[in-house]
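Visitor: Start from the sequences and build out the full structure, keeping to the hints where you can.
Chains as they are written, first to last, in numbering that gives the first Met the number 0: chain Y, 0 to 85; chain C, 0 to 761; chain F, 0 to 233.
Hints listed in this document are in silico derivations from the structure and should not be mistaken for laboratory results. Accuracy of the hints is not assured; some may be wrong.
[Said to hold, decoys possible] Covered stretches of chain C (chain F as the covering partner; in silico rule of three or more C-beta atoms under 8 Å from a C-beta of chain F):
1) 158 to 172
2) 415 to 427
[Claimed, not checked] Here are the in silico distance ranges between beta carbons for each label pair:
3) C:374 x Y:42: 51 to 61 Å
4) F:35 x C:240: 50 to 60 Å
5) F:157 x Y:39: 31 to 41 Å
6) Y:30 x C:374: 29 to 39 Å
7) F:68 x Y:42: 26 to 36 Å
8) F:133 x C:693: 52 to 62 Å
9) F:133 x Y:24: 31 to 41 Å
10) C:378 x Y:30: 25 to 35 Å
11) C:29 x Y:29: 47 to 57 Å
12) Y:46 x C:749: 54 to 64 Å
13) F:173 x C:748: 13 to 23 Å
14) F:227 x C:334: 45 to 55 Å
15) Y:3 x F:133: 45 to 55 Å
16) C:374 x Y:46: 52 to 62 Å
Since we're looking at a predicted model, the values are computed, not measured. Backbone N, C-alpha and C define an ideal beta-carbon position, used for all residues, glycine too.
Below, each chain spelled out in residue letters.
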Amino acid sequence: MRYVADIVVKLKKSILDPQGEAVRSALGSMGYTGVQDVRIGKRIEVRLEAANEAQCRQAVDEMCSRLLANTVMETYDFSVREEPGE
Amino acid sequence: MADRLDNEQDRVWQTMGLTDEEYERIRELLGRDPNYVELGMFSVMWSEHCSYKNTRAVLRDLPTSGPQVLQGPGENAGIVDVGDGLAVVFKIESHNHPSAVEPYQGAATGVGGIIRDIFTMGARPIASLDSLWLGDLSSARARTLFSGIVAGISGYGNAVGIPTVGGQTVFHPSYESNPLVNAMCVGVMRHDDIKRGAATGVGNSVMVIGSTTGRDGIHGATFASADLTDEAVERKSAVQVGDPFREKLLLEACLELVARGCVLGIQDMGAAGLTCSSCEMASRAGTGMVVDLDRVPRRETGMTPYEVMLSESQERMLLVPTPGKEREVREVLVKWGLEAVVVGEVTADGMVTITEGGRVAAQVPAKALADEAPLYHRESAKPEYVDRLAAFDTDDVPACEDLSGALLRLIGSPSIASKRWVWEQYDHQVGAGTVIGPGSDAAVIRLPGSKRGIALSTDCNSRYCYLNPRLGAAHAVAEAARNVACTGARPLAATNCQNFGNPYKPEVFWQFREAISGMSEACRALGTPVTGGNVSLYNEDGETAIRPTPVIGMVGVINDVERRVPMGFQADGDTVVLLGATRDEIGASEYLAVVQGVEAGQVPTLDLQAEARLCKLLWTAASRGLLSSAHDASEGGLAVALAECVIAGSRGASLWVDGAGADPGLTTDRFLFSESGARAVVSASPSTLDAFLALAAELDVPLAVVGRVGGDRLCVRFGPAPDGTARDGSTLGEADAARCIDVGIEALLSAYEEAIPCAMQG
Amino acid sequence: MKFGVVVFPGSNCDRDVQTAARAAGYEADFIWHAATAVDGFDCLVLPGGFSYGDYLRTAAIARFSPVMAAVAEFAASGRPVIGICNGFQVLLEAGMLPGAMLKNTSCRFLCKAQRIRVESARTPFTLKLRPGQVITLPIAHGEGNYYADSETLAQIERHGQVVFRYCNESGGATPESNPNGSLGNIAGVCNEAGNVLGMMPHPERAGEQILGGADGRLILDSVAQWVQGGGRIG
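Guide: Put into structure tokens, the structure is as follows:
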């Protein structure tokens, strides 16, 4: 089966995100006074083959913890869906 | 022939930027109607960017030869001999329009392109410089462009690992919608390693190496040859995305190919991509080339021959390998994680033949594309403003009541102020060669395996060039040479980037013609031929053109880099000497613009022989170890030069200026802020002073001994020193404000360092 | 004394390390990242640069280079390994040193001369320095903002693993003298054994007076002295 994994990697909540902070302040000065917080992360799309969804999830989880995220400072989350046939 | 169009009906050439006459000329050259692919190839090769069709006739005036020149214009970059069997390769090029629409990528790919031009010649790039011209920082758009452009240069140059060691950053409203990004790169190699972009040897393979080909940047060269209108901005697809990582790999791979003797001819695929590289390489060698597009590695599917031929995907090279080395080329490229594919071969027929799917997709004489672009003699007319602004009478300018305040305003004006905010974002030290980094008259880089060093500078004063393009361009050369000489280097040769508006406007063309004429004269007089560069026209937003900006990049050589001279004062007790004569020349000055709000008047006169003598004195004195410091006096005059010597050395100075060497009757403010040429501020230790003064007399350079380094203030008093010698400064009273400068280092520093960071906070 | 300089695709301070080592009278050769053995070297250097373009995350991909297994083995045998700038980031990603690297708080790349204070003179890299000594080395990075969770931080402080801190002229590790936002002004840390050092400043760029300073040479000389003294930890 072919799957698409949609992965989001973010800095841990406890860590100051200087880019997010810069964007928050820019939005504020543009007049968006309601903006409380901005956090910037990465979205990664991986297409892969796996026997079933469980195996797919397991593989993606491993990819995340080994390479796609650095768990010292980042957290990750993902969803997988079956890719429609061609 | 494939893809035959009804050209006549569609007038398709017009959408590609070709005129009706040019289309007729193409039909004549081919003896038939061109097909769509061929028309596309002609349109990019005959764009101003690639063909210089509007400017070639004028550019012929520039001196391009000399005993030091190993390669003049016409190749990827110029080459000069610097001794010890070493050659220095250098070139400056614009990336103005891409930077206007997408500042980060535009500037980044500008840096990437010029770096490739250097390593294509077989040289290892060792330094970059960037000449940036932006709108006033009070404008939000100017700030956005400024930070994006600097980030782009930093992001690309730092990652490739080539130090960005200098350049200039100038702010003026005329650049608000059309900023200028002129990137210069310099490399070094041994004479025997010089490679050229020629497809020699009939039957030899032709390879595409480096990155894959995609749809990015199609028609970039024609984009660079049109006004920057809203419509042009919409065509953002013409902006390429750079990949500095791949560039670094390609750089190392190419230098490895050179070292292994695998390279016969090589050329970067920059503007006009495969079209330009194939026809130029064939044309230079008097050969032809057949290229099978099916074999060109792609990153996108469904690309047409037109798209493959015109793609400006970055980080690619066209290579003619040494016969039999194809496999080795592939091994080297694969080691560096890159592609290397034989796509065709060199032929004897003088034609660039492009095939796809076994059919001929295009067939054009290489010389017709590369060398037979039309040559236009554009109409030229002196703009109305020139005489009007020159007539401005500086005698009407009120006297300055507060010299210290005026100095602080000048050094705190963004164009003069410290550019630390810029160059701290650049890795200016990688390479372990930066001996004098950014923030000085010129950067100095030591050459590997040699005692020698090179000094590099970019210069232009576009206010001068606006008011008097001929004199202004000559000043750019003189100032660049002076900057290089201040570090102790002998100016060797120049590269140039001509940034102007729309050449179809007679007033713009007049500016261009005048500027080239002034530049030619100055380069001849100073013995610094022009070995290449580029022309960037159509720098306007549809209505207003930029100020004419002919930027000079200068290269000089220091025989013993240990003898280089810094800009800042070095030791308490050193004697300060003003070199050169000061005249009543505040016209067109920074003082007039910043303090009096006037950009008019006569551009300072230029005595090229005096400039040559000053340069010779500076490098000769340096080579004998006679100087502690040297700094050129230009924008902002002596006052700013002295302040910069104090700031750079973190040492004060106490000076009594009695007007020696100046026009009689020159008032204090004019003496301090005049921008007369051929001047510098130097300091010498007590043990070398006499030898220096004797040398200056021998070389016929006028001078005035004005005081001593020391203390923590800059004190400049007018009139003879009371006991005939300069004394240590004591704070002066308010009443003397119009007759003296008296500012502490802290005040100078904060005005100088805080200007740009403050302006960038909006 | 022979340094082995690991070259990853995108390394760009590899040649500078060689230049500095040779200027100091030592040998230095390159080790291609695809190598699986690192024999014949006394000290390994992971140089600065942008390995794999720093794509995804700085040094994220380089740590999976084939050579890294041999580097880990070399370190485990108690011999000295130093990671400079991007090389420091590789050691963090590989888990050979604690912590991680965030973007500078300014969000800008920063290249300048920076004062650092020596915290520990007990490592092979700081033998010729003394605790509290202030030296000046160039920094050049966009992601040098050192981070570790509070527990890890407390632990490395307790074990004396902080080797360098950003400081001012008089040695004060103040917020103003912190160029990138690093926790505790940390500029360099070592492993518990002390034979693996990661540092953001570039000693190889300060190996000769003509380049603006020679403090970096003290670090190369320290390792050489340690190696020549037959040093090996563990």
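Visitor: Now, for every hint given, state plainly whether the structure supports it.
Guide: Hints versus structure:
no., hint, result
1, 158 to 172, "holds (count 3)"
2, 415 to 427, "holds (count 6)"
3, C:374 x Y:42: 51 to 61 Å, "holds (53 Å)"
4, F:35 x C:240: 50 to 60 Å, "violated (35 Å)"
5, F:157 x Y:39: 31 to 41 Å, "holds (33 Å)"
6, Y:30 x C:374: 29 to 39 Å, "violated (54 Å)"
7, F:68 x Y:42: 26 to 36 Å, "holds (31 Å)"
8, F:133 x C:693: 52 to 62 Å, "violated (44 Å)"
9, F:133 x Y:24: 31 to 41 Å, "holds (34 Å)"
10, C:378 x Y:30: 25 to 35 Å, "violated (50 Å)"
11, C:29 x Y:29: 47 to 57 Å, "holds (55 Å)"
12, Y:46 x C:749: 54 to 64 Å, "holds (56 Å)"
13, F:173 x C:748: 13 to 23 Å, "holds (20 Å)"
14, F:227 x C:334: 45 to 55 Å, "violated (35 Å)"
15, Y:3 x F:133: 45 to 55 Å, "holds (54 Å)"
16, C:374 x Y:46: 52 to 62 Å, "holds (53 Å)"
Violated hints, listed in ascending order, are 4, 6, 8, 10 and 14; each of the other numbered hints is respected by the structure.
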